[in-house]
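Asks: Work out the full structure: start from the sequences and follow the hints.
So that you can map any letter, position 163 of the sequence shown is 158 in this note's numbering, and since no number is skipped, the others follow by simple counting.
Rather than coming from a laboratory, the hints here were simulated on the basis of the structure.
Just so you know, even glycine gets a beta-carbon here, dropped at the ideal spot from N, CA and C.
Careful, some of the hints might be misleading.
Stated by the list, open to error - For each label pair, taking beta carbons as the anchor points, the in silico distance ranges come out as:
1. 82 to 188: 28 to 38 Å
2. 135 to 29: 29 to 39 Å
3. 61 to 186: 22 to 32 Å
4. 171 to 124: 19 to 29 Å
5. 138 to 91: 20 to 30 Å
6. 125 to 76: 17 to 27 Å
7. 36 to 135: 42 to 52 Å
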Amino acid sequence: MSFYIILLQCLLILLLTYFYFKRRYYTKLHVTIPGYEPEFLIGSIRKVGLLKGLSLWDAFRNQQEKFGDLCQMWLGAWSYTVFCRPEDAEYILSTNRKNYENTRATEEQFELLFPTAVIIQRGLDHKRISRIILPLLRKYRIVPYMNNIIEQTDKNLNVWKKIYGRSESEKINRNIIKDYSSLAMEIIGIIAFDHNFKLINKPLESASEKIDQKKMTLGVATANLTQAVTDMVLTPLPGFLKRLKSTLFS
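Replies: Quick look at the structure:
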């Protein structure tokens, strides 16, 4: 008799655990946003066709055709809000940013490219940065300086065309994030300080000193590959291990 009681207790615990995780991690976060109801452990990857060999981008497109330009999608236990229109991006990432928390998966992926970007900051860090930056990006502050912004952006595009735009060139722009940062600083300098930092033309001036990808040596290619693999492997690890990696490999 005691065996059956223990068995029933175990089954009850398993059922309660299942319903807890199903309710906690596999239930729609936003009822008003359409999407497939997530399944336990696998989310919605079966319903969108990923288990049948469909690519992720085809799955996104199929969801857009079925649910519209704004929908929810689950990859395992991670919930994603999929949106297609610029106004949706503004609503989610700016107007109602506090209601849409970034997933750890998204943060870890973007951290490889721009670890200090506003879009991947969470909690108090994001609030502190937003308190400073968002007031500067209000429409009434931006519109009067639109001509300056367009002018500096055109300069940046012309530099890219001269360095990377030739049809015979096989170079790859691996500094696009740095170039965008330089463009942002140039725009801020022109608008706020009426000063040209001359950051945009620096890539053009130093183009002759950069490594030609066509003649890249095996050693340089191996070093780049090792660095990329190291970043990907250490991304999920705790912060102190990342700092240790930076100290050892810097």
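Asks: For every hint, state whether the structure bears it out.
Replies: Verification of the supplied hints:
no. : hint                   : in the structure
1   : 82 to 188: 28 to 38 Å  : 32 Å, holds
2   : 135 to 29: 29 to 39 Å  : 34 Å, holds
3   : 61 to 186: 22 to 32 Å  : 44 Å, violated
4   : 171 to 124: 19 to 29 Å : 22 Å, holds
5   : 138 to 91: 20 to 30 Å  : 23 Å, holds
6   : 125 to 76: 17 to 27 Å  : 19 Å, holds
7   : 36 to 135: 42 to 52 Å  : 49 Å, holds
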